[in-house]
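Novice: The chain contents come next:
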Amino acid sequence: MADLFEEYRLGPGWDEMFAELGVPRASYEALHATLQPLSSAELGVRAEVLARAFLDQGITFALKGVERPFPLDIVPRIIAAAEWRGVEVGVAQRIRALEAFLADVYGAGQVLADGVVPRRIIATSAHYLRAAAGITPPNGVRVHVAGVDLIRDEQGTFRVLEDNVRIPSGVSYVMENRRAMAQVLPEVFAATRILPVESYPAMLLTALRAAAPAGISDPAVVVLSPGVYNSAYFEHAMIAREMGVELVEGRDLVCVGNAVAMRTTAGEQRVDVIYRRIDDDFLDPVHFRADSVIGVAGLLNAARAGRVTIANAVGNGVADDKLLYTYVPELIRYYLNEEPLLPNVDTYRLDEPGVLEHVLDRLDELVLKPVDGAGGAGIVIGSQAMRHELDAVREKIVANPRGWIAQREVKLSMVPTLIGDRLRGRHVDLRPFAVNDGEKIWVLPGGLTRVALPEGELVVNSSQGGGSKDTWVLASPTSPVGEPVPIPVAGPVPSAPAAPPDPGPGQAPAEEQQQQQQ
Amino acid sequence: MTSLVDSWRLKVQHKSGFEYAGTVTSSYNEARMWPRNDARQAVLDAKIEVWPPARTYQYEDYWGTVVTAFDVHAGHDKLTVTASSTVETLPPGDLLSGGLDWGFDTDRWYEFLLPTRRTRLNDELTAIVAELRARHDNPQDAAMAVCEFVRSEVAYVPGATGVQSDALHAWEQRKGVCQDLSHLAAGMLRALGLPARYVSGYLHPKPSAEIGESVVGQSHAWVEWWAGRWTSYDPTNGVPIGHRHVLVGRGREYGDVPPLKGIYAGPKSTGQGVEVTITRLR
Amino acid sequence: MLSRIAESLYWIGRYVERAEDTARILDVHLQRILADPWTSEDAACRSLLGVMGKPVEDGPFTSGQVIEVLGLDQRSPSSVVGALAAARENARGCREIISSDVWECLNATYHGLARAPRQVESQGVHAFFRWVRDRSAVMAGLTDATMSRDEGWLFLVLGRNIERVDMTARLLRTHERAGGSIPSWLTLLRSSGAWETFLRTYRGALDDRHAAEFLLLDRLFPRSVFAALTVAESCLTDLEPDPGRAGVATDAQRIVGRARTGLEFRGPDDLINDLGPVLAGLEKTCSQVNDAVSRRYFRQTSAVNWSSGALA
Numbered sequence: 001m002a003d004l005f006e007e008y009r010l011g012p013g014w015d016e017m018f019a020e021l022g023v024p025r026a027s028y029e030a031l032h033a034t035l036q037p038l039s040s041a042e043l044g045v046r047a048e049v050l051a052r053a054f055l056d057q058g059i060t061f062a063l064k065g066v067e068r069p070f071p072l073d074i075v076p077r078i079i080a081a082a083e084w085r086g087v088e089v090g091v092a093q094r095i096r097a098l099e100a101f102l103a104d105v106y107g108a109g110q111v112l113a114d115g116v117v118p119r120r121i122i123a124t125s126a127h128y129l130r131a132a133a134g135i136t137p138p139n140g141v142r143v144h145v146a147g148v149d150l151i152r153d154e155q156g157t158f159r160v161l162e163d164n165v166r167i168p169s170g171v172s173y174v175m176e177n178r179r180a181m182a183q184v185l186p187e188v189f190a191a192t193r194i195l196p197v198e199s200y201p202a203m204l205l206t207a208l209r210a211a212a213p214a215g216i217s218d219p220a221v222v223v224l225s226p227g228v229y230n231s232a233y234f235e236h237a238m239i240a241r242e243m244g245v246e247l248v249e250g251r252d253l254v255c256v257g258n259a260v261a262m263r264t265t266a267g268e269q270r271v272d273v274i275y276r277r278i279d280d281d282f283l284d285p286v287h288f289r290a291d292s293v294i295g296v297a298g299l300l301n302a303a304r305a306g307r308v309t310i311a312n313a314v315g316n317g318v319a320d321d322k323l324l325y326t327y328v329p330e331l332i333r334y335y336l337n338e339e340p341l342l343p344n345v346d347t348y349r350l351d352e353p354g355v356l357e358h359v360l361d362r363l364d365e366l367v368l369k370p371v372d373g374a375g376g377a378g379i380v381i382g383s384q385a386m387r388h389e390l391d392a393v394r395e396k397i398v399a400n401p402r403g404w405i406a407q408r409e410v411k412l413s414m415v416p417t418l419i420g421d422r423l424r425g426r427h428v429d430l431r432p433f434a435v436n437d438g439e440k441i442w443v444l445p446g447g448l449t450r451v452a453l454p455e456g457e458l459v460v461n462s463s464q465g466g467g468s469k470d471t472w473v474l475a476s477p478t479s480p481v482g483e484p485v486p487i488p489v490a491g492p493v494p495s496a497p498a499a500p501p502d503p504g505p506g507q508a509p510a511e512e513q514q515q516q517q518q
Numbered sequence: 001m002t003s004l005v006d007s008w009r010l011k012v013q014h015k016s017g018f019e020y021a022g023t024v025t026s027s028y029n030e031a032r033m034w035p036r037n038d039a040r041q042a043v044l045d046a047k048i049e050v051w052p053p054a055r056t057y058q059y060e061d062y063w064g065t066v067v068t069a070f071d072v073h074a075g076h077d078k079l080t081v082t083a084s085s086t087v088e089t090l091p092p093g094d095l096l097s098g099g100l101d102w103g104f105d106t107d108r109w110y111e112f113l114l115p116t117r118r119t120r121l122n123d124e125l126t127a128i129v130a131e132l133r134a135r136h137d138n139p140q141d142a143a144m145a146v147c148e149f150v151r152s153e154v155a156y157v158p159g160a161t162g163v164q165s166d167a168l169h170a171w172e173q174r175k176g177v178c179q180d181l182s183h184l185a186a187g188m189l190r191a192l193g194l195p196a197r198y199v200s201g202y203l204h205p206k207p208s209a210e211i212g213e214s215v216v217g218q219s220h221a222w223v224e225w226w227a228g229r230w231t232s233y234d235p236t237n238g239v240p241i242g243h244r245h246v247l248v249g250r251g252r253e254y255g256d257v258p259p260l261k262g263i264y265a266g267p268k269s270t271g272q273g274v275e276v277t278i279t280r281l282r
Numbered sequence: 001m002l003s004r005i006a007e008s009l010y011w012i013g014r015y016v017e018r019a020e021d022t023a024r025i026l027d028v029h030l031q032r033i034l035a036d037p038w039t040s041e042d043a044a045c046r047s048l049l050g051v052m053g054k055p056v057e058d059g060p061f062t063s064g065q066v067i068e069v070l071g072l073d074q075r076s077p078s079s080v081v082g083a084l085a086a087a088r089e090n091a092r093g094c095r096e097i098i099s100s101d102v103w104e105c106l107n108a109t110y111h112g113l114a115r116a117p118r119q120v121e122s123q124g125v126h127a128f129f130r131w132v133r134d135r136s137a138v139m140a141g142l143t144d145a146t147m148s149r150d151e152g153w154l155f156l157v158l159g160r161n162i163e164r165v166d167m168t169a170r171l172l173r174t175h176e177r178a179g180g181s182i183p184s185w186l187t188l189l190r191s192s193g194a195w196e197t198f199l200r201t202y203r204g205a206l207d208d209r210h211a212a213e214f215l216l217l218d219r220l221f222p223r224s225v226f227a228a229l230t231v232a233e234s235c236l237t238d239l240e241p242d243p244g245r246a247g248v249a250t251d252a253q254r255i256v257g258r259a260r261t262g263l264e265f266r267g268p269d270d271l272i273n274d275l276g277p278v279l280a281g282l283e284k285t286c287s288q289v290n291d292a293v294s295r296r297y298f299r300q301t302s303a304v305n306w307s308s309g310a311l312a
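Residue numbers (full-length UniProt numbering), protein chains in the order written: chain A, 1 to 518; chain B, 1 to 282; chain C, 1 to 312.
In short, the hints are calculated from the structure, not lab data.
In this text, a Cβ means the ideal position worked out from N, Cα and C, and glycines have one as well.
Any given hint could turn out to be false.
Cβ-Cβ distance ranges computed for the label pairs, FRET-style [said to hold, decoys possible]:
1) A/259 to B/159: 39 to 45 angstroms
2) C/149 to A/44: 55 to 61 angstroms
3) C/145 to A/346: 18 to 24 angstroms
4) C/117 to A/49: 38 to 44 angstroms
5) B/124 to C/305: 45 to 51 angstroms
6) B/91 to A/269: 17 to 23 angstroms
7) C/295 to A/421: 56 to 62 angstroms
8) C/222 to B/77: 49 to 55 angstroms
Examples of chain B residues lying across from chain C (beta carbon under 7 angstroms, computed) [said to hold, decoys possible]:
9) 18
10) 104
11) 260
12) 263
13) 269
Counterexamples of contact, computed for chain B against chain C with all Cβ distances above 12 angstroms [said to hold, decoys possible]:
14) 30
15) 55
16) 109
17) 125
18) 152
19) 206
20) 221
21) 273
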């Protein structure tokens with residue numbers, strides 16, 4: 001029997017399962033004990049079942065126009081309770097600061113007047129949408145959902161790589177991954193106490209309802225999707241289904257005199273809260289791209305008039321600009337008067353005097369990122385780039401220093417991953433999802449772990465052909481799993497023994513014979 | 001109060017609209033035709049009427065301009081917006097000359113320093129700006145020199161360009177309308193290092209306007225620049241902003257303050273009309 | 001329910017039914033050509049293509065071409081493969097409304113279509129048609145077993161039955177045109193799954209009158225035109241829970257009702273003697289109902305192309 005861990009190597013980067021070869025960390029003991037005796041053939045069969053289930057259910061990701069499954073690796077990633085507590089609090093802290101910042105830059109602009117963030121950063125941000133100024137969200141929330149991308153550095157410290165406060169995607173994979181894994185690794189589930197993830201849709205719905213325009217007691221919430229050709233359509237449908245709300249497209253909605261309604265077989269019905277999964281640019285042809293056929297004309301002014309709530313708010317992109325990212329620790333101190341709990345990755349601001357020269361001298365050691373590139377597009381990893389790629393990026397940076405940041409190359413942490421018929425260390429990141437209902441910020445335990453499948457690859461984005469892992473946050477030994485279960489006032493009703501199904505003709509005598517044999 | 005005596009009272013009627021080749025089923029529009037209260041003008045009365053009839057919604061946009069938004073869902077082959085207002089305007093203040101040097105802080109007005117689509121310059125113009133700057137030892141004089149340059153080099157020819165035109169286009173053909181001259185001036189002022197705004201409004205064409213006489217006016221545009229304080233100037237006419245000017249909105253360029261813009265579903269637009277009538281009431 | 005979703009469900013019903021019925025029609029056609037050496041292949045193919053609304057200018061036609069056009073053409077929503085793909089495409093847009101079982105069935109069928117040409121080659125068309133019928137049956141079973149009887153279900157069943165009326169009429173027309181020999185009625189009844197029921201009903205009195213009467217008018221056999229019209233009518237009634245006092249509420253109800261009573265209260269002999277016009281009338285009824293239903297329930301479900309304008 002071949003050992004799955006045969007020829008497994010540590011590093012480069014923090015190995016999340018092993019402190020040293022063959023010795024798993026405490027949080028991974030149960031998983032390791034399950035995997036160790038499995039043959040690669042057995043694990044292969046389970047992985048096959050996993051892949052098949054995803055394809056049949058249509059859990060796919062469109063890459064370059066081709067619909068393909070988003071591969072789920074069979075080895076989960078595990079985060080201990082105490083580690084998670086740090087992530088949870090740190091993510092919530094960041095969201096609080098970003099909310100305050102957004103309210104400020106689309107309002108009084110105090111942070112700019114005080115010089116904490118230079119005005120030029122905002123004035124030159126492609127996602128600072130002046131059309132969104134003056135839209136006041138009913139409960140003050142602009143970031144209803146956030147996805148904060150984290151990595152663990154060489155010492156195992158969680159660091160923030162970027163914030164996503166526009167339309168972060170991936171949460172459906174978190175839920176689907178968990179369901180699928182429970183079927184293929186039941187024995188580990190039984191041996192491990194894992195915080196559940198299925199309450200996400202309920203939490204999101206609560207937050208969306210809380211964001212409804214004033215005076216609406218039973219708000220109609222919808223999910224607005226660009227349609228079936230969007231790469232994340234599967235997720236839009238799933239979220240709508242699990243929240244029990246309509247999944248609409250732009251053409252289903254009509255805005256008349258600032259009132260938004262959906263077209264139904266019984267006429268037009270009012271809509272109060274729109275969880276939109278359409279980019280700002282395409283959302284409202286009146287204010288943004290007039291050639292958009294997936295948006296809703298008049299939507300922005302309906303929100304301005306307080307007749308409908310758009311979640312996430314329009315213009316949030318100014319807060320997840322990668323150059324603004326470098327100011328987030330300052331924003332946390334400025335707005336919250338707290339020290340940042342999750343550090344950033346060391347980043348150079350190329351628009352500051354002298355920095356550009358310094359960076360251009362060492363492009364081959366750094367990671368270069370366009371400030372508004374999404375999904376890993378445009379990233380150049382200096383140490384892995386060819387000469388001509390470095391030259392090309394140098395040219396782009398010199399032409400537009402505001403458009404780029406440079407970061408220290410962090411060797412992301414690694415988790416064993418099934419490659420062929422062996423487990424191998426592969427780099428991962430983590431996107432926890434946070435939901436803000438205006439009263440509190442709730443962070444979904446775990447989040448989406450993305451794994452770069454090629455050896456040594458550091459770019460993990462699904463749009464770059466990566467896969468994912470189920471992410472388990474272990475329950476703290478002292479707290480119950482999940483929400484406390486309400487205790488019923490009376491004791492449980494004893495269930496009456498059930499009668500067997502009615503037998504068909506010719507079946508009954510056989511049963512009698514069996515009974516006689518007892 | 002002498003200023004009361006000196007002020008004019010202007011009544012402006014601005015009619016603007018589209019005609020279509022057939023029936024338009026749905027249309028969403030925003031009008032920026034409502035004069036704003038400002039240091040040098042007071043709006044006594046204003047209203048906006050839309051045909052076909054539609055409920056209007058007003059808000060103040062990022063730039064402080066009053067926006068009137070409306071949508072029409074009845075079939076129509078013609079859309080008209082009529083804005084009427086009565087505004088009291090003051091004569092020009094002193095044009096600050098000299099006294100300031102280049103060392104003022106521009107961070108507060110950073111976005112008015114950046115080029116936009118319609119105010120972009122080419123190398124030739126950038127070189128001209130550098131030369132103008134070298135010739136003047138204070139920003140105010142340099143700014144006036146820019147305005148003079150624009151006025152002397154680019155002829156004001158009504159109808160020479162459309163609303164989508166930009167400064168470079170007007171520069172290349174050495175002619176344009178007030179919108180183009182203002183874009184060019186704003187672009188060059190920014191190249192000087194002065195934050196500059198594009199202003200949209202109206203102009204009474206006659207310096208010696210008769211009270212009670214209605215004249216054909218026009219939508220107008222001019223510029224403002226920051227050199228420690230804001231200065232307004234009309235580069236098309238080479239005059240400071242005064243009695244005859246009614247201010248509607250300020251922005252980086254035309255795209256921030258279009259008097260009427262919108263989207264519609266239907267056949268192509270076959271015509272458009274803009275009429276401005278101005279009457280001096282006092 | 002969203003108009004767009006209702007429209008999708010209606011078309012899922014139509015496309016799945018279309019795939020199944022087209023498979024049946026093709027099956028009969030091929031068996032006839034095999035069984036009857038005197039049939040001209042070209043003429044039979046032309047007749048079939050004509051009835052299915054396909055151009056017949058070029059020729060001569062072979063059964064292989066007909067299978068290509070009506071069976072395997074991926075781009076045409078009136079071929080078996082194209083209709084199943086179109087059904088799945090519609091289902092993609094309303095996954096949150098149909099049950100996961102129904103979606104998975106359509107999706108798995110769609111993924112199975114990639115194998116269709118190979119299957120036709122290795123096992124013959126009959127096996128492929130058999131597979132299509134099986135998948136349609138699974139789909140029908142799952143909709144019945146897993147979808148609540150709400151508006152969405154009504155639209156799906158409505159679509160299924162409108163299409164069934166249309167396709168059964170076309171099926172009958174292929175025979176009406178071919179002169180309807182006894183062996184061909186036999187294959188026709190077989191392919192409709194009606195053979196045994198028919199035998200029991202008419203006790204072996206096999207002639208073309210009885211066969212046409214059965215497929216057109218039988219009250220109990222669910223694939224008959226009459227039965228399909230009756231179901232469609234009841235769907236339309238259920239979609240309008242609040243009927244007015246004068247007559248029926250909607251255009252669609254009137255059109256279907258008129259067609260149904262036309263069959264119900266005209267004598268079978270009268271109908272059979274006038275079969276050609278009766279069948280043509282049924283096809284027209286279907287397209288009228290389709291328009292009426294679209295007008296009433298699916299208003300404006302396509303995106304608007306905006307033009308922009310700006311003025312000084």
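Novice: All hints are to be evaluated individually against the structure, with a verdict given for each.
Specialist: Outcome of the hint check:
no.: 1; hint: A/259 to B/159: 39 to 45 angstroms; result: 41 angstroms, holds
no.: 2; hint: C/149 to A/44: 55 to 61 angstroms; result: 44 angstroms, violated
no.: 3; hint: C/145 to A/346: 18 to 24 angstroms; result: 59 angstroms, violated
no.: 4; hint: C/117 to A/49: 38 to 44 angstroms; result: 29 angstroms, violated
no.: 5; hint: B/124 to C/305: 45 to 51 angstroms; result: 40 angstroms, violated
no.: 6; hint: B/91 to A/269: 17 to 23 angstroms; result: 57 angstroms, violated
no.: 7; hint: C/295 to A/421: 56 to 62 angstroms; result: 60 angstroms, holds
no.: 8; hint: C/222 to B/77: 49 to 55 angstroms; result: 52 angstroms, holds
no.: 9; hint: 18; result: 6 angstroms, holds
no.: 10; hint: 104; result: 33 angstroms, violated
no.: 11; hint: 260; result: 4 angstroms, holds
no.: 12; hint: 263; result: 4 angstroms, holds
no.: 13; hint: 269; result: 6 angstroms, holds
no.: 14; hint: 30; result: 10 angstroms, violated
no.: 15; hint: 55; result: 20 angstroms, holds
no.: 16; hint: 109; result: 26 angstroms, holds
no.: 17; hint: 125; result: 24 angstroms, holds
no.: 18; hint: 152; result: 24 angstroms, holds
no.: 19; hint: 206; result: 20 angstroms, holds
no.: 20; hint: 221; result: 9 angstroms, violated
no.: 21; hint: 273; result: 8 angstroms, violated
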